[in-house]
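Engineer: So the protein sequences, as listed, match chains A, B, C and D. Throughout the first sequence, residue numbering follows this note's numbering, covering 315 to 725 in sequence. Throughout the second sequence, residue numbering follows this note's numbering, covering 315 to 725 in sequence. Throughout the third sequence, residue numbering follows this note's numbering, covering -14 to 322 in sequence. Throughout the fourth sequence, residue numbering follows this note's numbering, covering -14 to 322 in sequence.
These are computed hints drawn from the structure, not numbers from a lab. Built from N, CA and C at the ideal position, the CB exists for glycine as well. Hints are supplied without guarantee of correctness; some may be wrong.
What the hints assert, rightly or not - A few chain C residues that face chain A, going by a derived Cβ cut-off under 10 Å, partial list only:
id, residue
1, Asp77
2, Arg89
3, Ile227
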Amino acid sequence: MMDDFPPLSLHVPEPEVRPGGTPDFSNVPIPKAGSVPRPPVDVDPRDIRDLAFSIIRVLNREGEAVGPWSGLLSDEALLEGLRHMMTLRAFDARMLMAQRQGKTSFYMQHMGEEAVSCAFRKALEPGDMNFPTYRQAGLLIAGGYPMVDMMNQIFSNEADPLKGRQLPIMYSSKEHGFFSISGNLGTQFVQAVGWAMASAISNDTRIAAGWIGDGSTAESDFHAALVFASTYRAPVVLNIVNNQWAISTFQGIARGGAGTFAARGLGFGIPALRVDGNDYLAVYAVARWAAERARRNLGPTLVEYVTYRVGAHSTSDDPSAYRPKDESEAWPLGDPVIRLKNHLVRRGAWSEERHRQAEAEVMDSVIVAQKEAEKHGTLHSGGKPSVRDMFEGVYAEMPPHLRRQRHQAGV
Amino acid sequence: MMDDFPPLSLHVPEPEVRPGGTPDFSNVPIPKAGSVPRPPVDVDPRDIRDLAFSIIRVLNREGEAVGPWSGLLSDEALLEGLRHMMTLRAFDARMLMAQRQGKTSFYMQHMGEEAVSCAFRKALEPGDMNFPTYRQAGLLIAGGYPMVDMMNQIFSNEADPLKGRQLPIMYSSKEHGFFSISGNLGTQFVQAVGWAMASAISNDTRIAAGWIGDGSTAESDFHAALVFASTYRAPVVLNIVNNQWAISTFQGIARGGAGTFAARGLGFGIPALRVDGNDYLAVYAVARWAAERARRNLGPTLVEYVTYRVGAHSTSDDPSAYRPKDESEAWPLGDPVIRLKNHLVRRGAWSEERHRQAEAEVMDSVIVAQKEAEKHGTLHSGGKPSVRDMFEGVYAEMPPHLRRQRHQAGV
Amino acid sequence: MPRMTMIEAIRSAIDISMERDGKVVVFGEDVGYFGGVFRCTAGLQQKYGKTRCFDTPISELGIVGTAIGMAAYGLRPCVEVQFADYVYPAYDQIVSEAARIRYRSNGEFTCPIVVRMPSGGGIFGGQTHSQSPEALFTHVCGLKVVVPSNPRDAKGLLIAAIEDPDPVIFLEPKRLYNGPFDGHHERPVTPWSRHPLGDVDAGHFTVPLGKAEVRRQGSSVTVLAYGTMVYVAEAAAQETGIDAEIIDLRTLLPLDLDCIVESVRKTGRCVIVHEATLTSGFGAELAALVQEHCFYHLEAPVGRVTGWDTPYPHAQEWDYFPGPARVGEALVRAMEA
Amino acid sequence: MPRMTMIEAIRSAIDISMERDGKVVVFGEDVGYFGGVFRCTAGLQQKYGKTRCFDTPISELGIVGTAIGMAAYGLRPCVEVQFADYVYPAYDQIVSEAARIRYRSNGEFTCPIVVRMPSGGGIFGGQTHSQSPEALFTHVCGLKVVVPSNPRDAKGLLIAAIEDPDPVIFLEPKRLYNGPFDGHHERPVTPWSRHPLGDVDAGHFTVPLGKAEVRRQGSSVTVLAYGTMVYVAEAAAQETGIDAEIIDLRTLLPLDLDCIVESVRKTGRCVIVHEATLTSGFGAELAALVQEHCFYHLEAPVGRVTGWDTPYPHAQEWDYFPGPARVGEALVRAMEA
Ligand SMILES: Cc1ncc(C[n+]2csc(CCOP(=O)(O)OP(=O)(O)O)c2C)c(N)n1
Ligand SMILES: Cc1ncc(C[n+]2csc(CCOP(=O)(O)OP(=O)(O)O)c2C)c(N)n1
Ligand SMILES: [Mg+2]
Ligand SMILES: [Mg+2]
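Next comes chain A alone, as it looks inside the complex:
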């Protein structure tokens, strides 16, 4: 019988194009804005399996908001959202420059993905808790966390709320519903489920949100999160930010034979939705739907945000080595800031001129914050966290061996 079969061979997925080639996303099916239905939040997950293979979109090419997921946000709310995204983009630009100037050791930007965290934040209530990765600073910006504190952390200066202990951008703010970022991918996804279970155990009304990248869905924590969320119907929104890349590795390596990342939810009976991650209105609408499910004790929702990492992975990375330089321009879902701007213009609530003016204002506010932060020092100059801080906080109370070591260190 074996003789009947030709030799096996290993299949190794490859992206469509590599450096030198012409970017091509023609294989990425993009449904028309407004075409995906909006089910009731208590829908039976089995009835919406197809949502895991489509893309919920609100803003069409003409900048109109269309379809059943539209109509949730006022002009005012949208203008605020636009400002959040612009702020995040300006913040990124300044911090990238600060890193090049040696004011910090490391930075990670959000270019192209601003809508995801900025819009999601607006679907939450005070007291809800995010378990973010390193690419959701929009949750802080849209949540009103002071930029200067973010910069103090990035500069590891004397005012750093984390006392210089953490890598830049690994923020933490309990008050702003932002759990301490881990440098270890995935770990926080299952913790979000635990937090949500705790809220349910405590008969609270607060919900949690877990965050993970497309590449990191391969980690074990992702599975544990889905298993526990499914079994205990935890009030949690589980967010996958599919920005097409995991450092140099294209999303096909993590995704394998499944058509989408959202599809992972199907095996757990968890409603799974895909959404245009570059569409502020669509992100908000889906986030609110999922948050409402959680808050009504209907259990978890898995959301895949389809977006694109326009910049380098981090300041240690140069993407031109592994993808065409102009790939981001070919990305079919456009730029989230421009799309929202166009929509507001179309709505008559905004203009190109006001936009340019706002860009300048936003940049000013970032620069003001940066000046303020730099007064407290930057990584290699000015005020620093103390060496004593290094020994504190390992435990609530410093045990004798650490006291001995601190003494040896002469501090």
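Once you have looked at the hints, place chains B, C and D with the ligands on chain A.
Structural biologist: Showing chains B, C and D with the ligands alone in chain A's frame:
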């Protein structure tokens, strides 16, 4: 907004019945034998998602083999299969008794699940490799591995092929395509994928089979296995033995909101089938289908065997503490040995009398093997592996520190 | 005072903690309805309901990972890993997360969890029911590591661990669950009901973390031990007639170094005993500290008696287990050096 | 002989191994097309095809777990974990599986895999790009643990590791990738092209596992070090003018105890240096062995200079890193004792 929502509460799944209650499987939908179609092996996984929610069955209540999955095995092959299952059952009975007599420290039986490993083994070719759990000894029995060697391992005696190092029943036989069993749940599932990838890398024709229990699908290795198998289209059959229980924990805790364990495959684009695990013919048919897919380089298949653990989890367990004593009698898929016997009788290839005779013969052969094994000793009496054996085999070559320790031990 | 086995003492500690503090929740594999394969949580689901004591899927990562999230919320999870041999799937969550959350968030988030697990050998459990992985946790700053050796300590230490604001790894020597075991496997074991340390206060009390206890006063040689090895050391001292001072460390991290140093400076000799494998075992840290802090008092090299550097074997269990004969030889060697 | 950086030496070792043995396969996160975030596998996919050198999903468990299966099949996987800080998700597969398969199957199945990972600090990488987890592997029997300190050794040891029949944990001190680093972060680093150990044979050669090397002869005190700390120790010896004998351990498990004992018996003093945290670090095992085997030759307590028992901090990196000043003080202390 928060005021609109009542307090959350935690959902903790419970089995239908607990000790004292009346066993009830009326909620378990059992499709009619022969009713599930048999797709071609190169089917698009998306076209057979419903197979993850049904049960492929061949033997009907009348003992007839019906439907598109029937007709693969001759009388002779079925009689051999019956003998394998009977042997495994007799083997279990004797070894359970041996454990009670103190001849070994531990034993795990297969009662009710004999068809799964016995029939699966017959769908493999020489050279294929299983990565089993502790409840697939049928792979060895149906593969012709000598019972006496199994017993030598169980008795940790001087002829134990594993030199007394392993817990009883943690067999290993490369020659018989049976990877060394791990006491750590799940670990071997992803190793099976690696072995299969290696075969593909080497342009070999051999395939691998991974094995895992319903409860253990919650482990991280399960996820890693599915991710890697899906991405590299590894030639592997991934088997989930759903025997309804994980020690005292009913399958609903691991399964959560998904209707079935097979459904886990859907999120990976891996064809997922459920099969009546107490139906030798159905198990064989599905195993052969999945093995053929692997061998044709079509990639992995996930198979859920729906069966029931009739006995205790192990000799350390007493199930009457957590499930009704008579639950196994209410199990709607019956007993695999009786069902195959009835089918053979119906086919005219067997009779009640020959069956009784065969039972006696099989038991004799087990007893002969046991006598032979006991000549080499049992756990606390007779021949033993040596203390030197304890120090050997940690590395290919014994390093100096282990030589020092062996010397200290005086051996 | 009531007599308790170690299992009953552990159950009592959890019960009292759940009763006093509604934030204490308990979960793990087979922990809920059935009450745990060693029955340490029996009856708790019935008493406190299934949202405070429940069964989990078989995912040690999930058990610890959700516990960390719950602790960040404000609960105090006390979770069970069915055997210490199965803790490795949760190792990343423990090492990279539980141990670091307070530090990296500058105290904004904390992780008051207890991870209980039966450890150690002597039950013919083979390589996957016998391990003593304590050294894999003592190397991780931010954790506390506790190993009780008797019902009274088990209860007091476990209550202290649950009330502690930081993550605690709580290793329960399963060979001691039903009675002290001195390594003489050929003899019947005394049940805790006939041992003074089986007398356990029924109410709330704590044994502070970080404090060792001198279990036998002596002047000739100090034995550092914990868990089952405390009894093996006692048997060895008795059988050799050597006047050993036996210290039950109880907490390995943070360690009660003062107690150790005081004793070794007095005796001038030191033998360390543990079940875990030798190389990089916790005995290495103990030996390093003793030679550093007692260098000018030591009259003999610090000795270590441990499991051999092999996986825990099944059939050769009693050749592997550091029994009273091997410990006795080390005591004699220390005295003769 | 060609000059190579440590990255080039590692790449050359893998390249030669792949060329000589078709069973050698290489994979990990970003390892294939891009050639690894530190470029250690650059060009190999192009040369050997994507079924022998490929990118993987981000699952360290999956990387090591599939490697174990491949090794059982008969291949020789040499896999990369992107940073040693990320090895914990694979810890169970390494500890419970890779390390035990030969033993538990009585040699029927074996596990000749190499798990490479960049380790150590000095690059402002914070807590998740700076760890030195070697002691978490040296406690695991069945593993070998290697830490090279220069391009020549890196190449020879890596080829030996790939050819070894057992699983090898191969820790690459990332601060040494481009040049020796003595802890004087304020000074420019000499590139390997200007260091004699940057001379690396272009062909096949091995440096045997289990053999240490005396990197500096001396008579006053023995320094045991590995990886980056070898250069810090050299700087400290030079700056204090103390005639230290510096041993580069190279392989931690199995350890070259003879070399250590010979040196300490000669010098009578010993200082151990590593970047990992103190408690239960590999220095504990070294100190325990030295006091045991050289007790009657020691004139001072064995000293340990290590990372502090805190997570690796970002801003305070140079207060944390065991630099030449701290090592120098320990040398002086050892001499004055
Ligand atoms: C456990 C672990 N493994 C590996 C890494 C190294 N690493 C950092 S980011 C990254 C890629 C993550 O990709 P993705 O999840 O898609 O997130 P993105 O960066 O695209 O937002 C990798 C491999 C890590 N931080 N943690
Ligand atoms: C990593 C790990 N965790 C826990 C255990 C303890 N344990 C042994 S068997 C078992 C139940 C397994 O249930 P299932 O996977 O359904 O297999 P079954 O016994 O039903 O065949 C548990 C929890 C283990 N062996 N390994
Ligand atoms: Mg990504
Ligand atoms: Mg089961």
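Engineer: Less than 10 Å between beta-carbons is the criterion; does C/Ile227 satisfy it with respect to chain A?
Structural biologist: This hint is violated: C/Ile227 lies away from chain A, its Cβ roughly 30 Å from the closest one there, beyond 10 Å.
Engineer: Should the interface hint for C/Asp77 be scored as holding, given a Cβ-Cβ cut-off of 10 Å against chain A?
Structural biologist: Since chain A brings a Cβ to about 7 Å from C/Asp77, closer than 10 Å, the hint holds.
Engineer: Would the stated hint for C/Arg89 survive a check requiring a Cβ distance to chain A of less than 10 Å?
Structural biologist: 5 Å, holds
Hint 3 alone, counting from the list given before, is not met by this structure.
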